[in-house]
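S.K.: Here is what each chain is made of, one letter per residue.
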Amino acid sequence: MTIQFNDETFRDDYSFRNSEWAIKRFPFPFHEDSYMYSVNMEQHRGGPEGSVYEKRFDVDEHYVAEMRDRAMVLADDPLRCQSLPHMTLAGWDLLELIMVSKSEDYPDLFELYRDGNNWRWVNKPLGIDDSFVFLDETTLPYGPMEYITRQAQGDFCVLDQRDDNLWMDAGTVTTQADWSLDFDIGMNFFEWHAPVPLAHEKGIFVRALKFLLNIQQGAPARRLNWTMTVNPLLDTSPENYHKWGIQKTTITPENIGAKQHLRVELQTFFRLPRSNALVFPIRCYLCNFQDLMTVPKWGRRLHRVIRDLPEELATYKGFIDNRPMMLDYLSKFDDGQPTSDGIWPDLDSEPPLKA
Amino acid sequence: MSGAEKIAVTVTDIVPLNELVTRFEFKRTDGGLLPTFSGGAHTVVEMRDGDLTRMNPYSLMSDPMDQTAYTISVRRDDEGRGGSLFMHRNVSVGDEMTISYPVNLFSLDLRAKKHLFVAGGIGITPFLAQIKQLERFNGNWELHYACRSEALGSYVDDLTSHHPNETHVYYDDQDQAIDLVNLLDGQPLGTHIYVCGPKGMIDWVRATAAKEGWPREAIHYEEFLAPQPGKPFEVKLAVSNKVIQVGEQESLLEAIEREGVDAPYLCRGGACGQCETRVIDYTGNFIHRDHWLEDDEHASGEKIMPCVSRFEGKTLVLDR
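Chain order of the listed sequences is A and B.
Just so we're aligned: 38 in UniProt numbering is position 38 of the first sequence, and the numbers increase by one with no gaps anywhere.
Just so we're aligned: 249 in UniProt numbering is position 249 of the second sequence, and the numbers increase by one with no gaps anywhere.
Just so you know, these hints were derived from the structure itself, not from any lab.
Glycine residues also receive a C-beta, built at the ideal position from the N, C-alpha and C atoms.
Hints may contain errors.
[As the list claims (entries may be wrong)] Computed cross-link-like contacts, PhoX-like style, restricted to lysine-lysine with a CA-CA straight-line distance of at most 25 angstroms:
| hint | chain 1 | residue 1 | chain 2 | residue 2 |
| --- | --- | --- | --- | --- |
| 1 | A | Lys317 | A | Lys202 |
| 2 | B | Lys199 | A | Lys55 |
| 3 | B | Lys236 | B | Lys114 |
| 4 | B | Lys303 | B | Lys314 |
| 5 | B | Lys303 | A | Lys202 |
| 6 | B | Lys303 | A | Lys210 |
| 7 | B | Lys303 | B | Lys231 |
| 8 | B | Lys27 | B | Lys132 |
| 9 | B | Lys114 | B | Lys132 |
| 10 | A | Lys210 | B | Lys6 |
| 11 | B | Lys199 | B | Lys236 |
| 12 | B | Lys242 | B | Lys314 |
[Unchecked claim] With beta-carbon atoms standing in for the labels, derived distance ranges:
| hint | chain 1 | residue 1 | chain 2 | residue 2 | range |
| --- | --- | --- | --- | --- | --- |
| 13 | B | Arg148 | A | Gly116 | 32 to 42 angstroms |
| 14 | A | Asp136 | B | Val261 | 22 to 32 angstroms |
| 15 | A | Glu111 | B | Lys114 | 40 to 50 angstroms |
| 16 | A | Glu32 | B | Asp13 | 53 to 63 angstroms |
| 17 | B | Ser92 | A | Met187 | 26 to 36 angstroms |
| 18 | B | Lys132 | A | Ala194 | 54 to 64 angstroms |
One chain only, chain A, in its complex shape (with noise of 0.2 angstroms):
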């Protein structure tokens, strides 16, 4: 199918939209009525027709909109998108990796030419048609991570492999659940992740990391998380948290539906084949709580999912004052029915709400 791209903003008006068909597709993070942390990986090799899941690097009607808000962040703000020096060989890699999966994945969208190392890369939905010598920075425009995470949705973290470790060494990080690139830039995967709660204790960390430093080329993983986002904000990071912290407090009970935002994070893991680093794409899904509730499964689990949550994880992920609000405008959808099991929407087996 073609797309057609959404002329939206993540920022000021807010006039970012989902289309039915986004609604649908939207990656519903929660397998069961209840929530917590576990590795819940499993193989990235495609997904059903039409899914999130389907393709290597997703592309959906929000592209070119958030693209556009990536330039603006990196814009006011360069430190967004770091490399240190020995991960250039890495980003060479995720070049390589984005294009050849987009060209494969969405052929009428983007075309890759390569004779040697002479390559030509096309991107219809940004108008962009280069000629480039691969593993010749002078070429390009930026480096060839910061170029190719301008035209591609979602933040990248590229991880250095060494010491039994993951190191975080380069990326291009504009619309995170409140991190800062700038801040972890050269830790490693016990440092970046000192701040979350509980997952340590359960020894989480250690498995990750261990399955993470296991990843081998030509068999790429993924899962999903979540967090709360008020307005659909991309750009929710530490350094701009005085302009979008103060946005959670606007929340009232004839706005929330449309304002208050499930955020959903797609993460993939790739090994890089040059360079041995490991790219960890974090791509974000954002929908809204009147939207989530067109779907009967969804709106009834939701309910009970933010009504069981642990308080140490309502307040990291940032609601722990807006929960009660949250959950008089959830228990509406929640008529106590049995949901099935995973993540799928299940509209044709579900019940309707009950009057």
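Starting from the known structure of chain A, arrange chain B on it as the hints suggest.
M.R.: Chain B alone, transformed into the frame defined by chain A:
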């Protein structure tokens, strides 16, 4: 299915280099391109030897940028269980084989200001790919390569003709030896040392570098062990509820696989840690041979690496 992804390849060239070492070239059977890789990576080659499937890891020595073919060099081990003998005697040009995607357990540290390579014998192979990778990016490297004799000096001529200033060769039969303490003493700050060769050489380089005050993170090594034959023993696999026999010539991992139990693995040489298995109960003695577990873990009787380690005794129950 355990292990890395597989690739169907055809043997396209076989070149005997000397009395012990032969080089094999593989291309994709479907005519497509092979994945690129990073210098230091290995592939696991599957050999169909009658009813046996042998799987041995070999370092990739070709240019990591060359996607048309992979090459490996195999040293014949007359005392081993037969994998290298199979490669030397039973593999011909045109044969179809299965190899794994590249896996790198011996990666370059790209932060290094200089890469100092120490190779012994067939341990030269990962460095050949790393040198090609570094040459492309004007990397700073130096090689010290010890061989038994000129006749057994695989790739010495290539290296000394292309890289005369970086390559230093030492022949055992001419009583030449690497003056390691002096060599380490003269290195610029930010140098990383990499060693690949026999166990004695690896231990010597690691111990000497540590004694000279080199940081642990700057010392890299790789040694694949071949599983050794041993007395047969019986194992109970608790999860799959099977009692299996491990034969004299097969490894514990191979016996588990033979019984149709899927067990994780990557290197099959005691280095990567993937096949680590919990011991539920035992009466007897472990013969631990891996580089993965720490000494106290070996002593604990709680873990075993079935790719290279064995057991002698009455009862062994594994969580598999």
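S.K.: Would you mind marking each hint as holding or not holding in the structure?
M.R.: How the hints compare with the structure:
1. At most 25 angstroms may separate the alpha-carbon atoms for a hinted pair to count; A/Lys317 and A/Lys202 meet this at roughly 18 angstroms.
2. Distance hint between B/Lys199 and A/Lys55 is unfulfilled; the C-alpha atoms sit about 45 angstroms from each other, more than 25 angstroms.
3. Only pairs whose Cα atoms come within 25 angstroms are accepted, and B/Lys236 paired with B/Lys114 is rejected, the gap being roughly 50 angstroms.
4. A distance of roughly 17 angstroms separates the Cα atoms of B/Lys303 and B/Lys314; the hinted pair therefore holds under the 25 angstroms criterion.
5. A hinted pair counts as satisfied when its Cα atoms are at most 25 angstroms apart, and B/Lys303 with A/Lys202 qualifies at roughly 21 angstroms.
6. For the given pair, B/Lys303 sits about 16 angstroms from A/Lys210 by alpha-carbon distance, which is consistent with the 25 angstroms threshold.
7. At roughly 20 angstroms between alpha-carbon atoms, B/Lys303 and B/Lys231 fall within 25 angstroms of each other, so this suggested pair holds.
8. Restraint check: the Cα-Cα separation between B/Lys27 and B/Lys132 comes to about 19 angstroms, which is no more than 25 angstroms; the hinted pair holds.
9. About 15 angstroms separates the Cα atoms of B/Lys114 and B/Lys132, which keeps this hinted pair within 25 angstroms; it holds.
10. Between A/Lys210 and B/Lys6 the CA atoms are separated by roughly 22 angstroms; this keeps the pair inside 25 angstroms, and the hint holds.
11. Among the hinted pairs, B/Lys199 with B/Lys236 is inconsistent with the structure: their alpha-carbon atoms are about 32 angstroms apart, more than 25 angstroms.
12. At most 25 angstroms may separate the alpha-carbon atoms for a hinted pair to count; B/Lys242 and B/Lys314 meet this at roughly 16 angstroms.
13. Between B/Arg148 and A/Gly116 the C-beta distance comes to about 40 angstroms, which sits within the given range of 32 to 42 angstroms.
14. Separation of A/Asp136 from B/Val261 is about 50 angstroms and departs from the stated range, judged on CB atoms against 22 to 32 angstroms.
15. Remark: the range hint 40 to 50 angstroms for A/Glu111 to B/Lys114 is upheld by a beta-carbon distance near 41 angstroms.
16. Range check, A/Glu32 to B/Asp13: about 55 angstroms between beta-carbon atoms, so the 53 to 63 angstroms window is met.
17. About 52 angstroms separates the C-beta atoms of B/Ser92 and A/Met187, a value inconsistent with the hinted range of 26 to 36 angstroms.
18. For the pair B/Lys132 and A/Ala194, the supplied restraint of 54 to 64 angstroms is violated, since their beta-carbon distance comes to about 40 angstroms.
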